[in-house]
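*Asks:* Here the protein sequences come in this chain order: A, B, C, D, E, F, G, H, I and J.
Final position of the first sequence in our numbering is 137; the numbers increase by one with none missing.
Final position of the second sequence in our numbering is 1137; the numbers increase by one with none missing.
Final position of the third sequence in our numbering is 2137; the numbers increase by one with none missing.
Final position of the fourth sequence in our numbering is 3137; the numbers increase by one with none missing.
Final position of the fifth sequence in our numbering is 4137; the numbers increase by one with none missing.
Final position of the sixth sequence in our numbering is 5137; the numbers increase by one with none missing.
Final position of the seventh sequence in our numbering is 6137; the numbers increase by one with none missing.
Final position of the eighth sequence in our numbering is 7137; the numbers increase by one with none missing.
Final position of the ninth sequence in our numbering is 8137; the numbers increase by one with none missing.
Final position of the tenth sequence in our numbering is 9137; the numbers increase by one with none missing.
I should point out that these hints are in silico values taken from the structure, not numbers from a laboratory.
All of these numbers come straight from a predicted model, not from anything done at the bench.
All C-beta atoms, glycine included, are put in the ideal place defined by N, C-alpha and C.
Hints may be right or wrong, so weigh each one.
What the hints assert, rightly or not - Dumping the calculated BS3-like pairs for lysine-lysine here, alpha-carbon to alpha-carbon at most 27 Å:
| id | chain 1 | residue 1 | chain 2 | residue 2 |
| --- | --- | --- | --- | --- |
| 1 | H | K7116 | H | K7035 |
| 2 | E | K4120 | E | K4006 |
| 3 | D | K3120 | C | K2090 |
| 4 | I | K8035 | I | K8116 |
| 5 | D | K3090 | C | K2035 |
| 6 | E | K4116 | D | K3116 |
| 7 | F | K5035 | D | K3058 |
| 8 | E | K4035 | J | K9058 |
| 9 | H | K7061 | B | K1035 |
| 10 | H | K7116 | I | K8006 |
| 11 | J | K9035 | E | K4058 |
| 12 | G | K6090 | J | K9035 |
| 13 | F | K5117 | G | K6090 |
| 14 | E | K4120 | I | K8006 |
| 15 | H | K7117 | C | K2120 |
| 16 | C | K2120 | H | K7090 |
| 17 | F | K5116 | G | K6090 |
| 18 | H | K7035 | F | K5035 |
| 19 | D | K3116 | D | K3061 |
| 20 | J | K9061 | A | K35 |
| 21 | G | K6116 | J | K9116 |
| 22 | D | K3116 | C | K2117 |
| 23 | I | K8006 | I | K8117 |
| 24 | A | K58 | H | K7061 |
| 25 | C | K2035 | C | K2058 |
| 26 | C | K2061 | F | K5058 |
| 27 | J | K9116 | A | K117 |
| 28 | D | K3058 | C | K2116 |
| 29 | B | K1120 | F | K5058 |
Unchecked claim - Calculated Cβ distances over 10 Å to all of chain B for the following chain F residues:
| id | residue |
| --- | --- |
| 30 | N5079 |
| 31 | K5099 |
| 32 | T5108 |
| 33 | A5121 |
Number of protein chains: 10
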Amino acid sequence: MPSASKSLETFPNPAPGRDFAIHMQIPEFTCLCPKTGQPDFATLFLDYVPDRTCVELKSLKLYIWSFRGEGRFHEAVTNEILDDLVRATKPRFMRLTAKFFVRGGIFTTVVAEHRKKGWKALPEVRLEQFPPETNTR
Amino acid sequence: MPSASKSLETFPNPAPGRDFAIHMQIPEFTCLCPKTGQPDFATLFLDYVPDRTCVELKSLKLYIWSFRGEGRFHEAVTNEILDDLVRATKPRFMRLTAKFFVRGGIFTTVVAEHRKKGWKALPEVRLEQFPPETNTR
Amino acid sequence: MPSASKSLETFPNPAPGRDFAIHMQIPEFTCLCPKTGQPDFATLFLDYVPDRTCVELKSLKLYIWSFRGEGRFHEAVTNEILDDLVRATKPRFMRLTAKFFVRGGIFTTVVAEHRKKGWKALPEVRLEQFPPETNTR
Amino acid sequence: MPSASKSLETFPNPAPGRDFAIHMQIPEFTCLCPKTGQPDFATLFLDYVPDRTCVELKSLKLYIWSFRGEGRFHEAVTNEILDDLVRATKPRFMRLTAKFFVRGGIFTTVVAEHRKKGWKALPEVRLEQFPPETNTR
Amino acid sequence: MPSASKSLETFPNPAPGRDFAIHMQIPEFTCLCPKTGQPDFATLFLDYVPDRTCVELKSLKLYIWSFRGEGRFHEAVTNEILDDLVRATKPRFMRLTAKFFVRGGIFTTVVAEHRKKGWKALPEVRLEQFPPETNTR
Amino acid sequence: MPSASKSLETFPNPAPGRDFAIHMQIPEFTCLCPKTGQPDFATLFLDYVPDRTCVELKSLKLYIWSFRGEGRFHEAVTNEILDDLVRATKPRFMRLTAKFFVRGGIFTTVVAEHRKKGWKALPEVRLEQFPPETNTR
Amino acid sequence: MPSASKSLETFPNPAPGRDFAIHMQIPEFTCLCPKTGQPDFATLFLDYVPDRTCVELKSLKLYIWSFRGEGRFHEAVTNEILDDLVRATKPRFMRLTAKFFVRGGIFTTVVAEHRKKGWKALPEVRLEQFPPETNTR
Amino acid sequence: MPSASKSLETFPNPAPGRDFAIHMQIPEFTCLCPKTGQPDFATLFLDYVPDRTCVELKSLKLYIWSFRGEGRFHEAVTNEILDDLVRATKPRFMRLTAKFFVRGGIFTTVVAEHRKKGWKALPEVRLEQFPPETNTR
Amino acid sequence: MPSASKSLETFPNPAPGRDFAIHMQIPEFTCLCPKTGQPDFATLFLDYVPDRTCVELKSLKLYIWSFRGEGRFHEAVTNEILDDLVRATKPRFMRLTAKFFVRGGIFTTVVAEHRKKGWKALPEVRLEQFPPETNTR
Amino acid sequence: MPSASKSLETFPNPAPGRDFAIHMQIPEFTCLCPKTGQPDFATLFLDYVPDRTCVELKSLKLYIWSFRGEGRFHEAVTNEILDDLVRATKPRFMRLTAKFFVRGGIFTTVVAEHRKKGWKALPEVRLEQFPPETNTR
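Bound conformation, chain A alone (with noise of 0.2 Å):
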């Protein structure tokens, strides 16, 4: 069984030649109050536009596993996360989004974004949007 680590793996972007978008919803967030000691939780969401390599899910995971038995503030620990995405994956666009659970009796959120140098998004193709539609949930 692997364990909690903090490294991060990834493989080849398969679709280089594209500027295509991955979206992860990660619900299982928890790291400690530095001042405290009592435990914080938080749903990180995950937007990227991959260069030439995506981050692995299974190493991914195990990473966020690795914050569990550590003290982090809110903003710190969003700036850091994403950091660490960064430096393991060289996206050329990616966004984090924390949001805490209550804390008194205020919800936070945090959403920290970084740029490839140079890297401009396309201009916005917006289409009409539809809300899912199916019966198999």
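Could you slot chains B, C, D, E, F, G, H, I and J onto chain A? The hints should help.
*Replies:* Just chains B, C, D, E, F, G, H, I and J now, kept in the frame of chain A:
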């Protein structure tokens, strides 16, 4: 009874003089994980602005079905399906969104786009948006 | 291509030794208002506990289609469809719910039930209910 | 053009041999506050099991309209409308729910029922409930 | 301008011959934590079957306001408000639900009921339930 | 009683000096599949900025009704209705969205736009958006 | 008790040095159809960036009330209310959205805007949007 | 890597002295239509009160997977899976709900139950129900 | 700063003469999988009718925290927490619902109840249920 | 126990080299109406891009609490809180949204922004948006 097939059929665009958008939801995509052989499931959302041809519904369904016994990674198969659809219909614009079911506690969605060389979307006219109203649901 | 028809076909109940329930949603019902000739629209919800036969899906679809050109009042047509389905399948229990689209600013829904003589539902086992979970929608 | 009126018309129940339910939503009720003269607004939900007659839709609409210029308290008017509808249709069962718009920071809803003497609901057959499915909304 | 007050006024039940229900939502309750002096917030849901009197809306609002400067525990204050409302209106049935805002990462809701001695609810008539329909929201 | 008709009537724009938008939802569209003769269903969403005339509600309803007995493909009929509405009202801008009911396990929606030559939308003023609030629903 | 009135009162903008937005929801609008005399209902959504004055809440309420006995078409009355509010408050920007209740099976919403000459919105700063969190509802 | 298999494994119930309920959602069921060979999709909801054994999660997953290449009708396969699970775990109570994806414009759901001979549910204690609260989603 | 602890503290029931219900939502439960050592996550829903004592909020929080480093199976830990809470508070009735996060593509929820010997719930008074109304969310 | 206070404390921005966003929801704001002395309630939404400092959570909570006994108008207090927060943290960008509870049948929300002189948001990278997925809620 027709069977699963990689061939995609088309019909002539009934309004080629105008940029208009077609949105399709395909909730029945399944393939296999190339590493473990286990089934993977996704809902596909296809958005495109046709040029001379539109994709024919029935052949699209059989094409989707053709992945049922094949091994594919999430990021790769999304780009492959987009490439196949682009080759068949040569659209002005096409976007494919694939929402995969959770693996390892993480939900992954992949979004890839193709733009015809030289084509530019008309400047967007933003109108207020309203939720659908009716009781015949 | 089969066409609209009042005849309802059935197939043998695969588990006649057990009271089990079948729920069907039919969002494509339309008929005409007998007074004004204008189209009316409804979604039908059919719930039944089969006895020896179940209603066959395709013939049900053609049966529903058969009302397209006929004049019917909301309260009467709901009871008529229930009567036709009961005659065809002789179920242990059947409930038909017809949600009609707004007329005169008022939304009308009609619910009618049939119970086989002597049949009694098993005492209900109430379990907590949970909303569906998944992202493949 | 017909005008607001207190008279309620009926038509014969098309299925008097069966207890079946009619549900109506009437989102356009308004009257005046008897103390201040200011307008009050409510949505009415009517549920009934007809006996020999059903309430006619158009006369119901004109009846609802007749309260537009009249002063009424929330609790009283809900009982008054129920009484009028019972008098007109003599139903086996009738329930009227009136959801009034907020006043003084408090939202009030009133629910009143009538049961025909000697009438008893059939033992309920509880089936699992399912949310409506369709995309034609 | 009237001010916060513990006195609750009533008016005569307009339909004492019938068991009917009144539902009130009061989203503006606040008191203080008796231990820490910090503000607590709740939404109150009041359901009752009046006997001879109904609670008057304005005095209810001023009564709710009267807790703004007072220390109260969640479980105790819910029972106290129910007791006060029962004393004032002597209802056939009354239920008070208090949904408190999160404290210590835990959400607490308290539900208390009073039944008049000898009063029994009529056997329930269960009808299918339908979500509200309208676009004037 | 008026009957289904292809003619669309208009009335003069009451505020021609200003670009303003009209949004209409028409949940009762039905036509036939040209291949199989089976009924198809859709909800239409019409958005337009009128120039000198607006489309008259009743004639729009009869126009929609006129497709009930006619065979049409999804992509073609959306463009045809847009063309008819543009011819009748000569709007500054018009967008028609047609959400069709599922066929072959795939949900299709078609969106087509018309822009008057030389007309340009004012630069958009983006304000925060808020969900509707009220309990009279 | 004040009564319905066409006059709109204002108070000085408390922060005239800054472009800020006020959003108001007014779910209690009703007028009459000029053709049939029947009541029409709408919810109004008002968004504006005040200049020197803001509209006073109570007078706005009485103004809205003043349409209760008057005949107005949907498109015209939306523009008329916007004109009245612009005349009274001379805002930098104002948008009025009127969602009318269904007529003839069709739901109509009208959106009209006014911009002060020479005023330009600041370049928008787009932040991620999050749904509200709390249980005191 | 384990593979699809019809065998269901169990583990001892950790609290056999108490009737408690286990609810499982399995959104990844797929089989083939026995008539046409085309893929069918469903979400399964399993509710049971274990007796001496509980079903083991991994073997359940492989069991579900085993239908991927097999032809089954909706009504039959729901009863077959229930029978297999009952044989493997001999539960006090078990209910299986299978929500199938739309076919022919009609959505079908099948619900089947098993009760151990002589077992009776405890009288239900009905408490008010509350929607889940949290922002870590 | 207090730390994780298995001890549960209580305070005297403020209204022991009445059966009333307390509902608590605890979205921050985490433990480890006994087989793999990987983290598991759940939201706990606690419903109880207190007898002489209520569970103290802070000690409940520290108790929940105490599972963070311990291995537990889903079915077992739900029964264990219920047993601990019953031992500490000796309630008239208690129900614990544990919604675990997806594993192996399957979502599991466990519901366990305790009833004090001889205690019986009062006959339920069923009132219509209404969704919460307010905009301060 | 700390008490209500107008002073706002800060801590150093952990990632000053990057524009990142912090979003806070504060559902517990209450003040008094300056005219009538009656309580007003609002939920505050704070969005900001910090420069050198971030606002400290606990002092923010005590600051919000400080308005409990003070009279403030909706439009004024929103601008005042924004001004105080800007003075304390000197952010690159800050937006405050205050959703007030209904008064006089009208719901008011106020949105005010501050931009640091010379600061410009990076060109936005628009990605598709997805609703959160998980069952641990």
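*Asks:* Against this structure, judge whether each hint is valid.
*Replies:* Structure-based check of all given hints:
Proposed proximity of K7116/H and K7035/H is contradicted: the alpha carbons are some 35 Å apart, above 27 Å. Distance restraint check for K4120/E and K4006/E: the Cα-Cα separation of roughly 30 Å exceeds the 27 Å cut-off, and the hinted pair is therefore not satisfied. Taken as a hint, the K3120/D and K2090/C pair is honoured in the structure, with Cα atoms around 25 Å apart against an allowance of 27 Å. The hinted pair formed by K8035/I and K8116/I fails the criterion: a straight-line CA distance of about 35 Å is larger than 27 Å.
With a C-alpha separation of about 25 Å, the suggested pairing of K3090/D with K2035/C holds against the 27 Å cut-off. The hinted pair formed by K4116/E and K3116/D meets the criterion: a straight-line CA distance of about 25 Å does not exceed 27 Å. A C-alpha spacing of about 40 Å is found between K5035/F and K3058/D, which places the hinted pair above 27 Å, so the restraint is violated. For the suggested pair K4035/E and K9058/J, the alpha carbons sit about 18 Å apart, so the restraint of at most 27 Å is met.
Taken as a hint, the K7061/H and K1035/B pair is honoured in the structure, with Cα atoms around 17 Å apart against an allowance of 27 Å. This hinted pair does not check out: K7116/H and K8006/I have alpha carbons roughly 37 Å apart, beyond 27 Å. Of the pairs offered as hints, the one joining K9035/J and K4058/E holds, with about 18 Å between alpha carbons and a cut-off of 27 Å not exceeded. Restraint check for K6090/G and K9035/J: the C-alpha separation of about 25 Å stays at or below 27 Å, so the hint holds.
Pair hint K5117/F plus K6090/G does not hold up; C-alpha atoms about 32 Å apart against a cutoff of 27 Å. Taking the CA atoms of K4120/E and K8006/I, the gap is about 44 Å. The hint is violated against a cut of 27 Å. For the proposed pair K7117/H and K2120/C, the alpha carbon gap of about 18 Å is at most 27 Å, so the pair holds. With a C-alpha separation of about 25 Å, the suggested pair K2120/C and K7090/H falls inside the 27 Å cut-off, and the hint holds.
Under the criterion of a C-alpha separation no larger than 27 Å, the hint pairing K5116/F with K6090/G is inconsistent with the structure, at around 31 Å. Our distance criterion of 27 Å between C-alpha atoms is met by K7035/H and K5035/F, whose separation comes to about 23 Å. Of the supplied pair hints, the one linking K3116/D and K3061/D holds, its CA atoms being roughly 24 Å apart against a limit of 27 Å. Distance hint between K9061/J and K35/A is fulfilled; the C-alpha atoms sit about 17 Å from each other, no more than 27 Å.
Pair hint K6116/G plus K9116/J holds up; C-alpha atoms about 25 Å apart against a cutoff of 27 Å. As the CA atoms of K3116/D and K2117/C are separated by approximately 24 Å, the hinted pair is consistent with the 27 Å bound. At roughly 26 Å between alpha-carbon atoms, K8006/I and K8117/I fall within 27 Å of each other, so this suggested pair holds. Taking the CA atoms of K58/A and K7061/H, the gap is near 20 Å; set against the 27 Å cutoff, the hint holds.
The hinted pair formed by K2035/C and K2058/C fails the criterion: a straight-line CA distance of about 31 Å is larger than 27 Å. With a C-alpha separation of about 31 Å, the suggested pair K2061/C and K5058/F falls outside the 27 Å cut-off, and the hint is violated. Distance restraint check for K9116/J and K117/A: the Cα-Cα separation of roughly 24 Å lies within the 27 Å cut-off, and the hinted pair is therefore satisfied. The suggested pairing of K3058/D with K2116/C is violated, with an alpha-carbon distance near 36 Å, which exceeds 27 Å.
Of the pairs offered as hints, the one joining K1120/B and K5058/F is violated, with about 38 Å between alpha carbons and a cut-off of 27 Å exceeded. Once the 10 Å rule is applied to beta carbons, N5079/F is inconsistent with being away from chain B; the minimum gap is 4 Å. With a least beta-carbon separation of about 8 Å from chain B, K5099/F fails to lie farther than 10 Å from that chain, contradicting its non-interface assignment. At roughly 5 Å from the closest C-beta of chain B, the C-beta of T5108/F falls inside 10 Å, breaking its exclusion from the interface.
Distance check for A5121/F against chain B: the nearest CB is about 5 Å away, which does not clear 10 Å, and the non-interface claim fails.
Hint violations for this structure: numbers 1, 2, 4, 7, 10, 13, 14, 17, 25, 26, 28, 29, 30, 31, 32 and 33, all remaining hints satisfied.
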